[in-house]
Amino acid sequence: MSIQKLLVANRGEIAIRVMRAAHDAGIISVAVSAEDEDRALHVRHADEHRALAGKGARAYLDADAMVRAALDAGADAVHPGYGFLSENASFARKCQEAGLTFVGPRPEILEYFGDKVTARRIAANAGVAVLSGTEGNADVNSARAFLASLPAGSQMIIKAVAGGGGRGVRVVDAGMDLEDAMARAAAEARAAFGDGALYIERYLPNARHIEVQVVGDGSGRIAHLGERDCSIQRRYQKIIEIAPSPLLADSTRRQILDAAIRVAESVKYDSIGTLEFLVSADGQEFAFIEANARLQVEHTITEEVMGVDLVRIQLELAQGASIESLAIPDEATAKGFAIQLRINTERMKADGRTLPAGGELKAFDLPGGPGVRVDTLAFNGFRSSPGFDSLLAKLVVHSPSANFSDCIKKALRSLSEFQIDGIETNREFLANIMRHPDFASGNIHTRFVDEHLAVLADIIQKMPKRYVEPVSERRIVAQGLQA
Amino acid sequence: MSEQSITSEVTGTVWKIEKSEGDSVEAEDVIMILESMKMEIPVEAPCAGRIIKILVSEQDVVEEEQVIVVIMP
Numbered sequence: 001m002s003i004q005k006l007l008v009a010n011r012g013e014i015a016i017r018v019m020r021a022a023h024d025a026g027i028i029s030v031a032v033s034a035e036d037e038d039r040a041l042h043v044r045h046a047d048e049h050r051a052l053a054g055k056g057a058r059a060y061l062d063a064d065a066m067v068r069a070a071l072d073a074g075a076d077a078v079h080p081g082y083g084f085l086s087e088n089a090s091f092a093r094k095c096q097e098a099g100l101t102f103v104g105p106r107p108e109i110l111e112y113f114g115d116k117v118t119a120r121r122i123a124a125n126a127g128v129a130v131l132s133g134t135e136g137n138a139d140v141n142s143a144r145a146f147l148a149s150l151p152a153g154s155q156m157i158i159k160a161v162a163g164g165g166g167r168g169v170r171v172v173d174a175g176m177d178l179e180d181a182m183a184r185a186a187a188e189a190r191a192a193f194g195d196g197a198l199y200i201e202r203y204l205p206n207a208r209h210i211e212v213q214v215v216g217d218g219s220g221r222i223a224h225l226g227e228r229d230c231s232i233q234r235r236y237q238k239i240i241e242i243a244p245s246p247l248l249a250d251s252t253r254r255q256i257l258d259a260a261i262r263v264a265e266s267v268k269y270d271s272i273g274t275l276e277f278l279v280s281a282d283g284q285e286f287a288f289i290e291a292n293a294r295l296q297v298e299h300t301i302t303e304e305v306m307g308v309d310l311v312r313i314q315l316e317l318a319q320g321a322s323i324e325s326l327a328i329p330d331e332a333t334a335k336g337f338a339i340q341l342r343i344n345t346e347r348m349k350a351d352g353r354t355l356p357a358g359g360e361l362k363a364f365d366l367p368g369g370p371g372v373r374v375d376t377l378a379f380n381g382f383r384s385s386p387g388f389d390s391l392l393a394k395l396v397v398h399s400p401s402a403n404f405s406d407c408i409k410k411a412l413r414s415l416s417e418f419q420i421d422g423i424e425t426n427r428e429f430l431a432n433i434m435r436h437p438d439f440a441s442g443n444i445h446t447r448f449v450d451e452h453l454a455v456l457a458d459i460i461q462k463m464p465k466r467y468v469e470p471v472s473e474r475r476i477v478a479q480g481l482q483a
Numbered sequence: 001m002s003e004q005s006i007t008s009e010v011t012g013t014v015w016k017i018e019k020s021e022g023d024s025v026e027a028e029d030v031i032m033i034l035e036s037m038k039m040e041i042p043v044e045a046p047c048a049g050r051i052i053k054i055l056v057s058e059q060d061v062v063e064e065e066q067v068i069v070v071i072m073p
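Going down the list, the protein sequences come from chains S and V.
When we follow UniProt numbering, the leftmost residue of the first sequence carries the number 1, and every step to the right adds one.
When we follow UniProt numbering, the leftmost residue of the second sequence carries the number 1, and every step to the right adds one.
Since the hints were made in silico from the structure, they are not lab data.
Some hints here could point you the wrong way.
Claimed, not checked - Straight-line distance between alpha carbons at most 27 Å, and here's what the computed BS3-like set of lysine-lysine pairs gives:
#1 Lys-55/S <-> Lys-16/V
#2 Lys-362/S <-> Lys-465/S
#3 Lys-38/V <-> Lys-362/S
Throw the hints in and build the complete structure from the sequences for me.
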């Protein structure tokens, strides 16, 4: 089966990313957009367009409407991107029933990994370590009993069974109001996923988040494309990702890659996907936490160091390609380091809280040079929308050097070249993280940002600007000097 | 003591209103939760007092700096 026309059931930078791959593969692409999306860039990247009913994110969550749009456009395949319907098994089934190829794993896989408790069980059955936790869904009683069973002073983490994106997550210890924490987590989970079910795991303090990119063709054969370090997070959301991990003992790394392959093999994984692990502060212990059965936001850095097009691979797999025919590169061909910075439209309050920031871009000039890539939905004149998330651009830099600090230098230089005027962003915050000595030495963990927030939020050191200021501003300065 | 206006810190929508007009609140009590760019932004009471007026309803669109609650300390 070969795909002729692909509906991209997403928006923003990831829709554009998928459309580019489709175009390069000779596939016609169809964009969709919501009623309140005026001048959306992804629509310009597609060959055709269908309008969705409804506004904001909700328009992209209507599975039936999405299938109708695909059929109406004469598409034979649907790419879900990330977020929205990407891990929705019932959407994948509806696509199948309508004769559309869903570019992603088969629906059962989405079901297995969409339920985080089932995912844990699959990993454990494959002989991979998971963190101890409650059996199945947790209530206040089982949570209290579990916490009591841990060594004194331990913490546990409450998570949503249907979870993702940090919604419904709470870390608690014996001194905290467990009932309140669980009620809040359940309310958040219900609001975000329509399901308030929770599960609980032992909390691994100062852990690193390491994830493995895998590729499967459904036969049980699995290849991997190395790991990413996504320890730099804020409120359980990733903001800076690195490939490969700059400070992971080779033996631990081998074991994690093997574990990822075992889990994926055990379900005969049949697309690209990511297995996520936590590694203890001493680097000796690791455990599977969850799997993402879709393309990820940070797939870019794997593409850079491995020299592959992951979306192209995903499209080939959906058309029946085998691992052999894809010629997945060996990790020995991995080159240097890549860093992805998530530039979000947000402003930071003096107390370190962040708030979404809105406005219209007056300037948007991209950095450049070898190994500098920007995946974005923005352009000069772009207006932000409160109805969608705050990701403005992903700045991805790749340095072929084996020295991680060379990649950091390039990332900082690229940030200072990036001219963004009209909407506040977290650029200075990202620069502060990369200038922190612990970041350079690779001494990072999932609470790094929280622990160093005071220093990181202190934007004293203004980023150098390697671009010419808008004319109007220069004129004002010049007049000021004359006066 | 005079009335105090609470304004929205963001442009977004009103997701959930947790208190009613006439309610007594403590400082930092959450009066409502706004949503913008998929982030939840709690609106907290700046001081202890009584809520005189809630000027928005759930699902309403609010602009940055818009007065949404009036409180009597």
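Checked hints:
no.	hint	in the structure
1	Lys-55/S <-> Lys-16/V	holds, 19 Å
2	Lys-362/S <-> Lys-465/S	holds, 16 Å
3	Lys-38/V <-> Lys-362/S	holds, 24 Å
Going down the numbered hints, you'll see the structure goes against none, and every one checks out.
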